[in-house]
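Chains as they are written, first to last, in the working numbering: chain A, 37 to 790; chain B, 40 to 120.
Be a bit skeptical, because a hint or two may be false.
[What the hints assert, rightly or not] The list that follows gives simulated cross-link-like pairs (lysine-lysine, DSSO-like), each with its CA atoms no further than 30 Å apart:
| no. | chain 1 | residue 1 | chain 2 | residue 2 |
| --- | --- | --- | --- | --- |
| 1 | A | K138 | A | K101 |
| 2 | A | K446 | B | K64 |
| 3 | A | K386 | B | K56 |
[Said to hold, decoys possible] Some but not every residue of chain A turned toward chain B, in silico, with C-beta under 7 Å:
| no. | residue |
| --- | --- |
| 4 | Q213 |
| 5 | G298 |
| 6 | A404 |
| 7 | P451 |
| 8 | G556 |
| 9 | D638 |
[Unchecked claim] The calculated label-pair distances, taken between Cβ atoms and stated as ranges, are:
| no. | chain 1 | residue 1 | chain 2 | residue 2 | range |
| --- | --- | --- | --- | --- | --- |
| 10 | A | Q466 | B | R116 | 29 to 39 Å |
| 11 | B | W101 | A | G767 | 50 to 60 Å |
| 12 | B | A82 | A | R326 | 33 to 43 Å |
| 13 | B | E60 | A | I244 | 44 to 54 Å |
| 14 | A | K47 | B | W101 | 30 to 40 Å |
| 15 | B | G81 | A | E787 | 51 to 61 Å |
| 16 | B | E60 | A | M726 | 52 to 62 Å |
| 17 | B | A82 | A | V283 | 37 to 47 Å |
| 18 | B | W101 | A | P612 | 40 to 50 Å |
| 19 | A | R67 | B | P106 | 49 to 59 Å |
| 20 | B | W101 | A | V541 | 49 to 59 Å |
| 21 | B | R116 | A | R93 | 52 to 62 Å |
| 22 | B | G81 | A | V283 | 20 to 30 Å |
Honestly, the hints are just simulated from the structure, not real lab data.
Quick reminder that beta carbons are idealized off the backbone N, C-alpha and C, glycines included.
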Amino acid sequence: MGFDPSYSIRKFKSVGTRPIRLDGVDKVTGRARYGADFNMPGQLVGRILRSPHSHARIRRIDTSKAETLKGVKAVITAADLPDLTNGNTAMHEILDNCMARKKALYDGHAVAAVAAVDARTAREALELIEVDYEVLAHVTDVDEAMKASAPLLHETIFTDGIDPKPTKPSNIAKRSQYGHGDVEAGFRDADAIVERSFKTEQTHQGYIEPHACVASVNPDGTCELWVCTQGHFVYRQQCAELLGLDVSKLRVTSSEIGGGFGGKTHIWSEPVALALSRKAGRPVKLVMSREEVFRASGPTSATSIDVKIGARKNGTITAASATLRYSCGPYTGMWAELGAMTSFACYNLKNVKTVGYEVLVNRPKTAAYRAPSAPMAAFAVESVIDELAQKIGMNSLELRIKNAAREGSKSSYGPVYGPIGIGPTLEAAQKHPHMKAPLGKNQGRGMACGFWFNFGGQTCTDLNVGADGTVTLTVGTVDVGGSRAALALVAAEELGIPYAQVQTVVADTGSLGYNDMTDGSRGTFSSSMATISASRNAIQVMRERAARMWDIPVSDVAWEDGQARAKGEKHGNLAPLSVKDLAAAAAKTGGPIAGHSELVADGAGVSFATHICDVEVDPETGATKVLRYTVLQDAGKAVHPTYVEGQYQGGAAQGIGWALNEEYVYGEDGRLQNPGFLDYRVPVCSDLPMIDTQILEIPNPNHPYGVRGVGETSIVPPLAAVANAVSSAVGVRMTHIPMSPPRILAALEAERAS
Amino acid sequence: MVEVTLWGSLGAATGGKEKLEVEAKDIRELFRKLAEQYPGLGAFIERGIAVSIDGVIYRDTWSKELPEGSEIFLLPRLAGG
Numbered sequence: 037m038g039f040d041p042s043y044s045i046r047k048f049k050s051v052g053t054r055p056i057r058l059d060g061v062d063k064v065t066g067r068a069r070y071g072a073d074f075n076m077p078g079q080l081v082g083r084i085l086r087s088p089h090s091h092a093r094i095r096r097i098d099t100s101k102a103e104t105l106k107g108v109k110a111v112i113t114a115a116d117l118p119d120l121t122n123g124n125t126a127m128h129e130i131l132d133n134c135m136a137r138k139k140a141l142y143d144g145h146a147v148a149a150v151a152a153v154d155a156r157t158a159r160e161a162l163e164l165i166e167v168d169y170e171v172l173a174h175v176t177d178v179d180e181a182m183k184a185s186a187p188l189l190h191e192t193i194f195t196d197g198i199d200p201k202p203t204k205p206s207n208i209a210k211r212s213q214y215g216h217g218d219v220e221a222g223f224r225d226a227d228a229i230v231e232r233s234f235k236t237e238q239t240h241q242g243y244i245e246p247h248a249c250v251a252s253v254n255p256d257g258t259c260e261l262w263v264c265t266q267g268h269f270v271y272r273q274q275c276a277e278l279l280g281l282d283v284s285k286l287r288v289t290s291s292e293i294g295g296g297f298g299g300k301t302h303i304w305s306e307p308v309a310l311a312l313s314r315k316a317g318r319p320v321k322l323v324m325s326r327e328e329v330f331r332a333s334g335p336t337s338a339t340s341i342d343v344k345i346g347a348r349k350n351g352t353i354t355a356a357s358a359t360l361r362y363s364c365g366p367y368t369g370m371w372a373e374l375g376a377m378t379s380f381a382c383y384n385l386k387n388v389k390t391v392g393y394e395v396l397v398n399r400p401k402t403a404a405y406r407a408p409s410a411p412m413a414a415f416a417v418e419s420v421i422d423e424l425a426q427k428i429g430m431n432s433l434e435l436r437i438k439n440a441a442r443e444g445s446k447s448s449y450g451p452v453y454g455p456i457g458i459g460p461t462l463e464a465a466q467k468h469p470h471m472k473a474p475l476g477k478n479q480g481r482g483m484a485c486g487f488w489f490n491f492g493g494q495t496c497t498d499l500n501v502g503a504d505g506t507v508t509l510t511v512g513t514v515d516v517g518g519s520r521a522a523l524a525l526v527a528a529e530e531l532g533i534p535y536a537q538v539q540t541v542v543a544d545t546g547s548l549g550y551n552d553m554t555d556g557s558r559g560t561f562s563s564s565m566a567t568i569s570a571s572r573n574a575i576q577v578m579r580e581r582a583a584r585m586w587d588i589p590v591s592d593v594a595w596e597d598g599q600a601r602a603k604g605e606k607h608g609n610l611a612p613l614s615v616k617d618l619a620a621a622a623a624k625t626g627g628p629i630a631g632h633s634e635l636v637a638d639g640a641g642v643s644f645a646t647h648i649c650d651v652e653v654d655p656e657t658g659a660t661k662v663l664r665y666t667v668l669q670d671a672g673k674a675v676h677p678t679y680v681e682g683q684y685q686g687g688a689a690q691g692i693g694w695a696l697n698e699e700y701v702y703g704e705d706g707r708l709q710n711p712g713f714l715d716y717r718v719p720v721c722s723d724l725p726m727i728d729t730q731i732l733e734i735p736n737p738n739h740p741y742g743v744r745g746v747g748e749t750s751i752v753p754p755l756a757a758v759a760n761a762v763s764s765a766v767g768v769r770m771t772h773i774p775m776s777p778p779r780i781l782a783a784l785e786a787e788r789a790s
Numbered sequence: 040m041v042e043v044t045l046w047g048s049l050g051a052a053t054g055g056k057e058k059l060e061v062e063a064k065d066i067r068e069l070f071r072k073l074a075e076q077y078p079g080l081g082a083f084i085e086r087g088i089a090v091s092i093d094g095v096i097y098r099d100t101w102s103k104e105l106p107e108g109s110e111i112f113l114l115p116r117l118a119g120g
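Same shape as in the complex, but just chain B (with noise of 0.2 Å):
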């Protein structure tokens, strides 16, 4: 079980939750649970969504492992110049 964290705009689709508790071993898995326990989340994950884990940024890589009790950051997928 790992605990996440949204950023705020995502507050909206989860029912206005900021953390939530997820089991999930990997990025695919956490997106995976995520769209299916809410919906609202499935346009940001297919828009792109990166992953904080423990400060450290991916954007796509979705097999990385989601350590327990690691701190998981939900965050936008950024642009870049």
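Pulled out of the complex, with its shape left as it was, chain A reads as follows (with noise of 0.2 Å):
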């Protein structure tokens, strides 16, 4: 019989509890192993070569003065790595990414790479390899790439989405629209509207811990990779693909991961690490630098939204609109598509709008940022509600009350929601302390919505139950943020047993199913239910083992708070058997005790969250303190409550930094000025008060327990929240992220000059 995965209600006794994670020791005692902490024996050190232009053609690379110099034991190009995509443009885009092969699209784009004894003869190769680049004109700016006088990335791409297709090429890669209605009729009947335009600067995830890597390939075509990522399923496939290799052929062990938030479900230097190693015939060891990691990785889009929004005076929102533009780094994406998809979601609107470009530049290529695209889209979105609300006089929150999606409502791209969480976390708000606390001088107030989809996908887990009666979960989603404790609780939970007989561990690729990579708030959504059914079919063969042990049929044999019970009265002389007492007697009736589960995971319920924010602003400085932060989110069902809140509160102080102070600054050079933390400023602990959080429970119809995804929807509202708290704090409308000090200096003085 399949897996169920429908909610049902049911009383827990270790889901819901927190106890301590079970990775917590070995990271505060320096023991945990990140992706630089491994090493093999005659490993090389790898390092990359850069283009220093932000768009060249690439007339010829000589590597022959580097390939002479002593220690050096390999020197490859995009040569060493043949084009094997077979007309997939997506794994096209990979390669010429991970090498570029006849243009260079960004500074920092990888022309070529070295594998050496150690660091300083690595580096003195580098040196040695020459570059004949022809310098072309560049465009780093979303807004001025669109303009028909840019200079073209790629005389290939013709905007898709319009009917009929272009006939010039064009940074414009794609149009796409959403939503139902008619917006033109909904403004007018509006009796107030407010129409804006926006920008956000483009901004890194800022995982501490840089991409890293071992590759090592051996002569009989076995191909080993220790990495820091999000999904070494996915590296695996991606890897043998670019390099030919028999996916069975290459392992891949993850590392414990020093943040990803995105940045890591995409290959980068692993294919270089491991062409690499084939060359030299040695292991490769690949670290990028801060600068590497910056200049060549990661970032998210910089975009340019217009929104309209439309009401009558009771608040009724008539008609809502947003044209969309993102940046994608030189190849194509869905980043503004995506922008497009999320920027209404939080609303019940009968006419709405939304239209997204995808446009390319020359920067790093676009990653995936914890709920990508979303926030910016509810930064202008959410700013202008504020506005709009201040406009027909009345209280912001009571205008997201009366027109927040409801069950029923139809979402603004597309279908018809279930049962969600937008309004309970406005009515929470509403509730809340924070909404009524005083404030002083230059101080203000904001707060704001946030949508995230969530997802599931394919999953893969094994339950094995030891000799003693512990038990090892073996999973394939890798663990960002707790998931470890919280599938041990799950299991503990399903088998009836204390929390602390459950060991979880990452399985390499060679040692589990094919798992998708943790991102979209899959990791505990998708491996809990995966974790359910291998615990009910533990379960099953338990009662199958009981049943033997006491020569009843198995049906006669019920599980109960972690032990095989025999049931009726027939059976009422036999003493209960645990988990220990059926491991203990497992070789001698019928072998090792196991539960296995494969599965897609889908079904993952949307998610809303509802953010405020205080902040004092120095009307002399510019300088932003925030000083009170509560988010208030829908989890379904907190299995960890303490993670569940770190998930909310870590996506919540990456949004204030992207709102306050984040940004990619290029030069008019096309060079990024600002690769690393002392001139990229993310907010550390001094920055931010203590971040309150209020966890909903509105149970996903489509899971077990009713979890849904936490990981993402987080970071949506910040940027919005921030900025309505500043434009309220200084009075003028904030309208640029980041909401530097010079910036908001520069606004004041601008409202001062009008």
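Build the complex from these two chains, which are given one at a time in their own frames, with help from the hints.
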């Protein structure tokens, strides 16, 4: 019988408690092994040569001098990574990003790599590689790149999504559109309309651990890759495809991860490390510097967004529209499309239209960053909602509640919603003491809502009962935020045993079936579903073993409170059998006791959050201090509430940094000016107040415990919540993120001048 | 017979049609028939299309049944972080 993931009400014993995480001791004592902590005998040091130009044709690369340097064991260029993508555009773009083939498309684009006996020799070798560039005109700004006069990144890109298809190439890779109703008619019905344009700058996920891997390709075709990643099975698949390897011969082990947030869902230097190892015949360790991380991995889109919303005096929104332009780096993406889908997802709208444009620029390839694309769209929409409320003389929270989407609302991206949590988070905000706290001089309060889809995916889990009755749970989703503890709680809950009796490990790709990566807030949602399924399969095995030991039909054996119990009066004198009892007898009742599960965890419930933020702005310096911050979010069911709160707080902290300081700064020469944490300012503990959280639990009907993903939504509202707070504090509508001190002072100056 | 609503970008592959009627019992049959009737959709299906059935988004469960009268939307396969 198949596994039924439907939600049913139950009383929990383990789920919902807050035990210490299984990986906690290793992490606080420095024993945990991250990407750069692994070494292999005979390993070489890999280094990558990167383009200093943001747009240049590569005429010739001469590696001969580097190859003759003593200690150099391999030098590679794109020629060593032949195109095996067989017309797969997405894979070809990944290949081109890992190593430029004909053109360097951004400052920092890899053009060659070396493997040498030590770091010094590797660096020297890079200096000996001669690259003959034909420097081309570049464009790094999203609006500039859309102009007909802009330098073209690719002669082969013709805007997709326009009928008829354009005949001239363009940096606008794709147009997408969502919505329903008649927005023009809706705007005619409005008593008040607010229309504004916004910009957000490019940010990096800012994970503290740089990309790092050790690759070893053996002469017999077997390979190993130790790597810091959010998805080692996906890395295996993509690396094997790009290098022409057999998937089963490439074993990938994921290290502990010092932050990913979407940036480690993409392969960057791993194929390069494998290609170097293949050529050198020795293992190669490749660790990116912080500068390389900024210049050549990760960033989110820079955006330019126009929003228009109309409402009647009673607060009913009559129409809403948005045009969203998102930078993609040099390769096509779906970043603006995600912005177009999520912009108005919090609201029940009769007339709505969003249009997204994917724009190619000479910046690093855009990568996912926690609810990718939604924070920028929410910033623009929630700022206009705030202003609209002021215009019609209504409290902005009441305006949001009045127009909030609910079960049965047609979402702005199409489908009708099932049970959702936007209304409850807004109502919880209304009741929260934070909303009534007094504010002082130069202080302001802002709030905002946010939405993210969440998804599930392919998942495989093993549960093995040891000879002493303790349990090993083997999962394939990388633990990015405490999922090993959460999944141990789930196994303990199902089996009816203590949490301490379960150990969760993340398996390498050779030890478990394929798992999609930990993204889309799917780690705990998906793997808990598979853990429940595997646990129930193991329970079935244990019931059969008990039946064998008692010599009664298995139908007479129940599983209650972690024990097999014989049902019915005729078996009343049989003492229950614990997991330990059954494990001890396993060798004589049929061998090892295990449960397995492979499934597609679809049906992830959509997620909503409401944030409240208080700030104080120094009008002399433009510096903003966040005084108080509250996150209210639906978790469906919080398996381990502490780690759910951690996700809420982490997303808010990153969003606050994005709102106030973080920004890629490019010079006129198209080069990144601030590739380091001194000049790219992420918030540190002393910048932030304790972020207060409130978990709401509106069960997801498509998970046995009602679990929803929680990892991403918390980064969606902060840009808008902080912007609304700052706008309130300074009395000027802030339309450009980040609201760094110079930008706030400029806005105040412009206001005074006008 | 189920009615399927397409997202905007798919319109070019279906001659501008936003809604299609398809005789299909599950997602697998839906994709097979869509690819047969509208060959331009084949590339999209290959790249990955998510199917929303009464508001619940399915990315990979091709065996999911399509109940008569249910609301069915095709959506692009989402990226996450």
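Verification of the hints:
no., hint, in the structure
1, K138/A / K101/A, "holds, 22 Å"
2, K446/A / K64/B, "holds, 24 Å"
3, K386/A / K56/B, "holds, 22 Å"
4, Q213, "holds, 4 Å"
5, G298, "holds, 3 Å"
6, A404, "holds, 4 Å"
7, P451, "holds, 4 Å"
8, G556, "holds, 3 Å"
9, D638, "holds, 4 Å"
10, Q466/A / R116/B: 29 to 39 Å, "holds, 36 Å"
11, W101/B / G767/A: 50 to 60 Å, "holds, 55 Å"
12, A82/B / R326/A: 33 to 43 Å, "holds, 39 Å"
13, E60/B / I244/A: 44 to 54 Å, "holds, 53 Å"
14, K47/A / W101/B: 30 to 40 Å, "holds, 35 Å"
15, G81/B / E787/A: 51 to 61 Å, "holds, 55 Å"
16, E60/B / M726/A: 52 to 62 Å, "holds, 55 Å"
17, A82/B / V283/A: 37 to 47 Å, "violated, 24 Å"
18, W101/B / P612/A: 40 to 50 Å, "holds, 43 Å"
19, R67/A / P106/B: 49 to 59 Å, "holds, 52 Å"
20, W101/B / V541/A: 49 to 59 Å, "violated, 31 Å"
21, R116/B / R93/A: 52 to 62 Å, "violated, 34 Å"
22, G81/B / V283/A: 20 to 30 Å, "holds, 25 Å"
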